[in-house]
Amino acid sequence: MALLQISEPGMGAAPHQHRLAVGIDLGTTNSLVATVRSGLSVVLHDNDGRALLPSVVRFLADGQVEVGMAAQTQQSHDPQNTIASAKRFMGRGLKDIADITHLPYRFLDEPGMVQLRTVAGVKSPVEVSAEILKVLKARAEDALGGELTGAVITVPAYFDDAQRQATKDAARLAGINVLRLLNEPTAAAVAYGLDNGAEGVYVVYDLGGGTFDVSILRLAKGIFEVLATNGDSALGGDDFDRRIYCWVLEQAKLPPLAPEDNSLLMTKAREAKEWLTNNPEARITCVLRSGDIVDMTLTTSTFIDLTAPLVAKTIAPVKKALRDAKLLVDDVQGVVMVGGATRMPHIQHAVWEYFGQEPLTNLDPDKVVALGAAIQANVLAGNRNQDDLLLLDVVPLSLGLETMGGLTEKIIPRNATIPVARAQDFTTFKDGQTAMSIHVVQGERELVADCRSLARFELRGIPPMAAGAARIRVTFQVDADGLLSVSAREQNSGAEAHITVKPSYGLEENEIANMLQASYSHAGEDMQMRALRETQVDAERLLVAVAAALDKDGERYLNATERAAIDEHMRALRTAAAGNDAAAIKQTIAVLNQATDTFAARRMDASVRRALTGHKLEELN
Amino acid sequence: MLIAESFPLIANMHKTHFELFGLPPLFAIDIVRLDQAYRHLQAEVHPDRFAAATDSERHQSLQWATHANEAYRTLKNPLTRARYLLQLHGVDTQEESNTAMPADFLMRQMEWREAIEDAVVVADVEALEALDRGLRSEARSLREELSLALDEQNDYAGASEIVRKLRFLDKVQAEIDQAIDALES
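These protein sequence lines map, in sequence, to chains A and B.
Going by numbering that gives the first Met the number 0, the residue at position 332 of the first sequence is 331; the numbering climbs one at a time, nothing skipped.
Going by numbering that gives the first Met the number 0, the residue at position 149 of the second sequence is 148; the numbering climbs one at a time, nothing skipped.
It is possible that some hints are incorrect.
[Unchecked claim] List of simulated lysine-lysine pairs, BS3-like, C-alpha gap at most 27 Å:
1. 409/A with 170/B
2. 75/B with 220/A
3. 318/A with 75/B
4. 409/A with 75/B
5. 170/B with 325/A
6. 75/B with 325/A
7. 133/A with 585/A
I should point out that these hints are in silico values taken from the structure, not numbers from a laboratory.
Computed from a predicted structure; not experimentally measured.
Here chain A stands alone, though its shape is the one from the complex (with noise of 0.2 Å):
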């Protein structure tokens, strides 16, 4: 038997590394980007000493692309190649997007994903919003002196599967390595809870520029459980703008206005609005385009009176969150605010009534997400001693398929605790079928027309049967980001299953690869070398990651055999890597994970153990 070694205290075998790590809160008015700094977590800033960056980005003719202030001052003069709240659009169609007349860009009606038609050409949200996460990124480079190993990015709690994949093409088209797309509500509760030592039933009710969330988390040393999530994943602070600007256009009986009129009114009436904040009335001044002058006085009053209804729109979803939670509002030992729009008097009023409480606020709203978001990637980054932090979140709303007539047939329901996995059984309608087609859609209500489509696939060589015979078993997986994989299978011949994707809102493989060479094209990078490099990141990171699992548990879970086996599969990826064959690097990674296969399933199965022991000693206590 090899004896064991034990290194000196403080020199462990692989010397440990701070890996540097942030978390981006991707908003749809602003975004920001936080690290964790001596075990604090502290929001980044720009030069000029700001947090915030502006979700807006402007395209010029020239390929120069500006971002946020720079871009939002330009906003009225150049609207339709300058996108704001682009956030809006993620994983949308045309036809899901509201009060699209009063927008001033040239949207593509094009099948899948909104398109904007920009005098740089044409853009995906998607890329849109990758411009903002390059800056943020290279923002966090700079004031953390080195690479990013990856990003916790936040999304909306009520995001649908669409809406998160795009998100995550966002990143990949940034060049971030995403370590965790985390609900919103779930990081701003992790940065709450572990300042303040909350235990309990908590509420966040998180009202962004553009979306709302409301999660309800019950918190327990360490353990964030999300037990019911809702919201409206179209319902913001700008929904407020919206109706001041609404009631603006009315009262001074304007004509339809120039797009730049528009973009300006906008502005003046999100100022009207933070000013309300603070002020019992606010005026309205400008001159447009056309040569009106615009000069009014919103009261507090008719604020309220115009918003009323946006309000309500928030607490339906709170009722239904708790409802689901099967908790009372007695229950809830304190409600988070989360987002600059929760800033407004008459939204802390309406909450503060319905829970019988007074919210906390004690967090800046605007960075609460980003601040919860750099723990949590501190602590996926492995920077940090991990047992005291898991976030356990939710699918926000059921997953299911198209069965006969236009029906769902629900698979996931809403509020499973992720990862989830699901399998039903399907057969055939007609004899001697041989493909079946599979269209997965996300929603809770009964008919497939109200549903949000995400994808439609086809499974085929079933082997010819009578009716009714076959036994197709559908598996859904959704992963700890929230994202939905769908395999199908035929059980009785166990034939090999042919599935072809087509995703509805969703970016093909090709588009993004598109994207990718246009955007190293014009950054003057070599696509081939930056694919090159990636292959190499990769590979350094399994390195890294098998030699620290061997170093704690080589000895104990592989034999002298199967140890010389994965160290020599070691050695020839470290050889592929200091080449320049990219696929080959592939194929050898792939190799030395085959090879770890065992080695990662005893060390499991050891951790589970350790777990019910765990369990059993604090019985004995």
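Fit chain B to the supplied structure of chain A, relying on the hints for placement.
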């Protein structure tokens, strides 16, 4: 959306859900212990613990965390717990095929449905909530009956009938929730 090839779910997880969480196979379980054991298990196997690990480990972690969630959900909910226990005893609860119910239960079913319809017509959310509370207490006494039938009398046929009743109550409660949702939005 990603479409993955089908993979065999959970290769070597032969333990029953009760064994997995170190609990005796009873209907009357200690929920606090279940919660604790579940959290201990997730603390070890959750994908967040393996964000920087190898593909193999991440895959294993996903499978185990998925399994832990499924086992927890099954035991946490009284209806699924009873169904699972009966399954372990080789008893089919015949929820789809056996629709025979005692006459008095059928009567009450009709009363509940009528009460829902009446409340919806006049948009009376409070009446629906009161009805919901009534059903909850009904479910509570059914759970007590289940505990007796399963844990003490080994009366699996009787337990199956109670499961069918509980399932029915679940459906009615879901209808109430939907009706309230519709009235409130």
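Going through the hints against the structure:
Only pairs whose Cα atoms come within 27 Å are accepted, and residue 409/A paired with residue 170/B is accepted, the gap being roughly 15 Å. Among the hinted pairs, residue 75/B with residue 220/A is consistent with the structure: their alpha-carbon atoms are about 20 Å apart, no more than 27 Å. The straight-line distance between the Cα atoms of residue 318/A and residue 75/B is roughly 23 Å, inside the 27 Å bound, and the hint therefore holds. In summary, the hint linking residue 409/A to residue 75/B is supported, as the alpha carbons are separated by about 21 Å, within the 27 Å threshold.
Taking the CA atoms of residue 170/B and residue 325/A, the gap is near 15 Å; set against the 27 Å cutoff, the hint holds. Of the pairs offered as hints, the one joining residue 75/B and residue 325/A holds, with about 13 Å between alpha carbons and a cut-off of 27 Å not exceeded. A distance of roughly 26 Å separates the Cα atoms of residue 133/A and residue 585/A; the hinted pair therefore holds under the 27 Å criterion.
The earlier numbered hints are all upheld by this structure, with none contradicted.
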